[in-house]
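Q: Using the sequences and the hints given, assemble the complete structure.
Taken in sequence, the protein lines are chains V and B. Using the numbering used here, the letters of the first sequence map in sequence onto residues 1 to 213. Using the numbering used here, the letters of the second sequence map in sequence onto residues 1 to 213.
Misleading hints may appear alongside valid ones.
Given that identical chains are not distinguished, each listed pair holds provided it fits within a single copy or across any two copies.
As the list claims (entries may be wrong) - Keeping only pairs whose Cα atoms sit at most 27 Å apart, straight-line, the calculated DSSO-like set for lysine-lysine is:
hint, residue 1, residue 2
1, K23, K56
2, K179, K97
3, K97, K23
4, K97, K56
5, K97, K24
6, K172, K56
7, K24, K56
Everything labelled a hint here was simulated from the structure, so no lab data went into it.
So you can see what is in the structure, the chains are spelled out below.
There are 2 protein chains.
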Amino acid sequence: MSDGPTIYVSEPLQVYLDDAASKKPAPGGGSVSACVGALGAALVGMVCNLTRGRDKFADVESEIVTLVGASEAARGRLEQLLQDDTVAYNGVIDAYKMPKETEAEQAARSQAVQAGLIVAADVPLEICRVAVEVCRLAKIAAGIGNPQAVTDAGIGAILGEAAVVGAALNVKINLGSIKDAAYVEAAASAIDFLQAEAAALRAETHEITLSRL
Amino acid sequence: MSDGPTIYVSEPLQVYLDDAASKKPAPGGGSVSACVGALGAALVGMVCNLTRGRDKFADVESEIVTLVGASEAARGRLEQLLQDDTVAYNGVIDAYKMPKETEAEQAARSQAVQAGLIVAADVPLEICRVAVEVCRLAKIAAGIGNPQAVTDAGIGAILGEAAVVGAALNVKINLGSIKDAAYVEAAASAIDFLQAEAAALRAETHEITLSRL
Chain V
1 MSDGPTIYVS EPLQVYLDDA ASKKPAPGGG SVSACVGALG AALVGMVCNL TRGRDKFADV
61 ESEIVTLVGA SEAARGRLEQ LLQDDTVAYN GVIDAYKMPK ETEAEQAARS QAVQAGLIVA
121 ADVPLEICRV AVEVCRLAKI AAGIGNPQAV TDAGIGAILG EAAVVGAALN VKINLGSIKD
181 AAYVEAAASA IDFLQAEAAA LRAETHEITL SRL
Chain B
1 MSDGPTIYVS EPLQVYLDDA ASKKPAPGGG SVSACVGALG AALVGMVCNL TRGRDKFADV
61 ESEIVTLVGA SEAARGRLEQ LLQDDTVAYN GVIDAYKMPK ETEAEQAARS QAVQAGLIVA
121 ADVPLEICRV AVEVCRLAKI AAGIGNPQAV TDAGIGAILG EAAVVGAALN VKINLGSIKD
181 AAYVEAAASA IDFLQAEAAA LRAETHEITL SRL
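A: Below you can see the structure in the form of structure tokens.
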């Protein structure tokens with residue numbers, strides 16, 4: 001067994017599921033939310049790939065080419081975040097192990113814990129941002145993509161929103177321990193905004209999907 | 001390369017994501033919805049595994065043991081449905097290839113197409129049913145599980161609901177082509193009911209989660 005971290009996209013899907021169900025610290029809800037966002041992005045990519053290069057959809061070809069590039073970029077980013085989240089809390093764990101006998105040690109430890117918590121909140125916050133992008137792309141795909149795959153675009157938006165709401169919960173749990181009030185306020189307002197945007201996009205995409213079934 | 005179907009849980013997660021994004025017929029939105037439900041069930045399992053066997057949570061030990069069994073059963077079922085959905089439409093594809101020259105051939109072909117469509121709708125309908133169960137279990141886990149993992153229970157319910165709504169879209173697209181009015185009516189009312197139940201459970205679980213953060 002190697003000492004390096006498990007690279008989850010290279011492992012069998014069964015290993016990812018089993019590790020998520022175990023009491024191992026990772027993958028947890030943040031990584032799983034990123035995975036769900038990546039699955040949503042993949043479905044948007046599928047809709048594009050079932051649309052591009054077909055005479056019937058020639059009028060949207062250039063938009064579809066742009067869309068598949070954007071969805072694959074979002075997927076790549078979420079696949080990286082799926083991995084990043086599995087180590088995002090390590091800084092906090094390491095900081096808690098620091099010595100705390102002298103006042104200076106206590107101050108250094110507290111500062112390291114706080115820095116670690118901000119990293120641990122930043123990763124799911126970034127998952128929220130990219131997953132909202134998945135919702136935006138899914139809405140476009142539902143409107144212009146091959147109607148035979150329209151439910152896949154609809155499901156893409158549902159998964160994008162689920163990833164936003166899931167990752168937002170993990171931002172929130174970390175904010176409870178962060179003392180930097182400006183950071184907490186900015187992050188809390190960002191996740192509120194991103195969740196509202198995702199919910200609106202998912203609802204709009206759902207309407208478009210039903211209208212093209 | 002073997003002639004058998006790809007067993008997706010045994011393949012790297014990257015292969016599942018890449019195949020979902022490709023124009024290959026599978027995995028599509030139904031299988032991906034089952035995968036998301038399985039991820040939700042895994043998170044419920046994780047909450048249980050971070051709760052059981054600890055003195056602090058001894059008063060809920062027997063409920064937790066039951067819960068982990070139920071969540072692992074739901075996960076196993078959804079992992080199977082993730083696979084089943086990748087071949088659920090094969091019967092329809094095969095039926096469309098049947099000869100259609102004589103009236104007898106046309107009748108046999110039409111009957112085979114209809115039978116295939118019902119299989120193709122039954123698989124995502126079953127995904128909906130099991131994913132609602134994930135929401136039920138997540139709600140219990142959020143209420144009695146280790147509060148340090150409460151967001152994972154909350155995310156479990158979000159993913160369970162996303163799986164229900166996603167798979168329901170794939171039931172709906174198949175119902176449009178099914179001529180058996182009794183089947184269509186029963187399936188349409190089942191998915192409406194399951195989606196409403198999942199939405200209520202997700203909202204309740206979210207409230208519980210926020211109250212225990």
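Q: Please name the hints from earlier in the document that this structure breaks, with their numbers sorted from lowest to highest.
A: none
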